[in-house]
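Given chain R, work out where chain U should sit, using these hints.
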Amino acid sequence: MYRSVYAVQCITANACYRRCNKVYRLAAAQLHDLHARPCHPMHSRCMCPAQSVRIEPALALPSALSNRKVHTLAEDTHTRRYATAHKLQCWKCGRDLEEFVERFCSCGMVQSVNEYVNYFDVMGVPVTFDLDRATLHGIFRNLQKDLHPDKFSKRSELEREYSEQQSSLINKAYTTLVKPLSRGQYLLEILGHPVEEIDKADDPAFLVEMMELNEELEEAHSLEEVHKIKEKNGQTISDITAEIAKAFQNDTIQDAKALLIKLNYYSNVDEKIKAIQQMYTGEM
Amino acid sequence: MALFRALKQVARPVAELRPTVCAAEYHKNVIDHYENPRNVGSMDKADTTVGTGLVGAPACGDVMKLQIRVDENGKIIDAKFKTFGCGSAIASSSLVTEWVKGKTLDEASAIKNTDIAGELSLPPVKLHCSMLAEDAIKAALQDYKVKREKAAAMSG
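So the sequence lines, in the order shown, correspond to chains R and U. Here numbering that gives the first Met the number 0 is used: the first residue of the first sequence is 0, the next is one more, and so on. Here numbering that gives the first Met the number 0 is used: the first residue of the second sequence is 0, the next is one more, and so on.
It is possible that part of the hints are untrue.
[Unchecked claim] Simulated crosslink set (BS3-like; lysine-lysine; CA at most 25 Å straight-line):
| no. | chain 1 | residue 1 | chain 2 | residue 2 |
| --- | --- | --- | --- | --- |
| 1 | R | K199 | U | K44 |
| 2 | R | K199 | U | K137 |
| 3 | R | K144 | R | K171 |
| 4 | U | K146 | U | K79 |
| 5 | R | K199 | U | K144 |
| 6 | R | K199 | U | K79 |
| 7 | R | K231 | R | K171 |
| 8 | U | K146 | R | K199 |
[Said to hold, decoys possible] Pairwise CB distance ranges (calculated):
| no. | chain 1 | residue 1 | chain 2 | residue 2 | range |
| --- | --- | --- | --- | --- | --- |
| 9 | U | H26 | R | S105 | 30 to 40 Å |
| 10 | R | R132 | U | K149 | 23 to 33 Å |
| 11 | U | P123 | R | K153 | 38 to 48 Å |
| 12 | U | N35 | R | K227 | 29 to 39 Å |
| 13 | U | S41 | R | H226 | 22 to 32 Å |
| 14 | R | Q164 | U | S41 | 48 to 58 Å |
| 15 | U | E148 | R | E211 | 23 to 33 Å |
| 16 | R | E163 | U | G101 | 32 to 42 Å |
| 17 | R | E211 | U | I76 | 22 to 32 Å |
| 18 | R | E211 | U | A152 | 23 to 33 Å |
| 19 | R | E163 | U | K144 | 54 to 64 Å |
| 20 | R | K144 | U | D114 | 53 to 63 Å |
| 21 | R | K273 | U | P122 | 26 to 36 Å |
| 22 | U | G101 | R | D131 | 51 to 61 Å |
It is worth saying that the hints were derived from the structure and are not from the lab. Backbone N, C-alpha and C define an ideal beta-carbon position, used for all residues, glycine too.
Same shape as in the complex, but just chain R (with noise of 0.2 Å):
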C-alpha cells in the first residue's frame, strides 16, 4: 500500500524514494534542478543525479539482522557517518540535534521531520520482523500523545506545521509495521530486495491455487461458506507469518520475499472476505 503512496509522493513532494525509480528518472532531471535534494539513504539503487555516493543499506543491515541484538539503523556506522553529513540543527536556537531521531530540541522546540530514518527507527524498535502489535500500539500512542497537532493549536505556524509533520510521519511508520504484510514488504525495502511491479510470478501451481481460491469465494453463496473460507485462509495466513519470520531470523531473504508474496495474495482474499463480511452485517 505504501509502494502507491510513495509513487506519488516522488512527482508531488518530490521525495526520492525508492520504489518509484521508473518514475523518478523521468522527473530526475527536472527534480535535480529545482531542488537538488539528495536522495533518501534507503534507495540501493536510486538514479538519482543528486545523489553524490550510492548508499547501500544491504551492505549494513543484515549482520543487524542475525546478531539479532537491538540495533537500529541509527546505531550503524555508515548511516551514523550519512546522518553526521547532514546535520540537523534546532530551527529555533541553533544547537545541534544529536540524536537520529530528535523530535524535540532540549529548548523545547518540537523539530522539523528528519527525512534520513526509517519506519523503525520513528518508532524507536529494533530493524527486525518480529514485532509485536501491543508493543507498536503503545509506542504509537505514547508518541501520539506528545506530537499530534490538537497539543500546538496555540503553537505558533511553524510548529503546528511541525507537529503535523511528525504526527503523519508516525501514522506512516505505524501503519506500515503494525501489519506483518507491508513490515515484511517495508524490511525486504530496507535490506534492497523489494517486490518489484516487473518481478514475475513463476509457480504455476501457486497461481491455480489462487485462481481456485478466489473463484471458491466468489461461488460462496452463504455467510457461513464464507466464514468457512475466512477461517481457512485465516490460518494460512497465520502459518506463512510464521514462515516469514523463521526466513528473515535465518537471513534467508529470498524465501522471505516468496512467501511475502504469497501473503500478499491471501491478505488480498482476507480483504475481499472482510468487505463481504461488512456488506451483509451493514444490511442487517
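Below, chain U without anything else, positioned relative to chain R:
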C-alpha cells in the same frame, strides 16, 4: 436476500475492494471495461482447441487467466478471461479478449503492452497491468501451440 445482494456485488470476477493504488483516478476506458467487462468466463482447459494462459503480478497479488479458442484455420474465434486484481488489470485483460477475437495466432502475438496501456491511458504506476495482459495472451498462445504439437506428435 441481503447476502445475495452482497455476494452479487463481489461476484463480479474482479472487484478489488481494497482502496489501494487502484483508488487513483481512472480513465473512462478503464471504467467502461471495469463496469462492463467483456468475455468474462472460463473454457475447458483440457480442450485441444483451447489455449490457457495463467499469470500473476507478485507486487499486487493479482492473478489473471486468459483463454482462447482457435478454429482449424488458426483463427481465434473466442476468448475468455478471469482476473482477480485491480481495475486496470481487469480492464487490460478485458480489452485483450476483445482485440484477439478474429485474429490469427501471429496477429495476436503482436499485441504489445504499450498498445493496451495507450488505449486505456494507464498511468506509469499501472503499466505493469498491461504487461500482465500481454504476458497472459502470450502464455495462452504458447499453451495452444504446445497442445497442437503434442496432438500432431500423437497422430503422426
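Taking the earlier hints as the rules, which of them does this structure contradict?
Of the numbered hints given earlier, those the structure breaks are 7, 9, 10, 16, listed in rising order.
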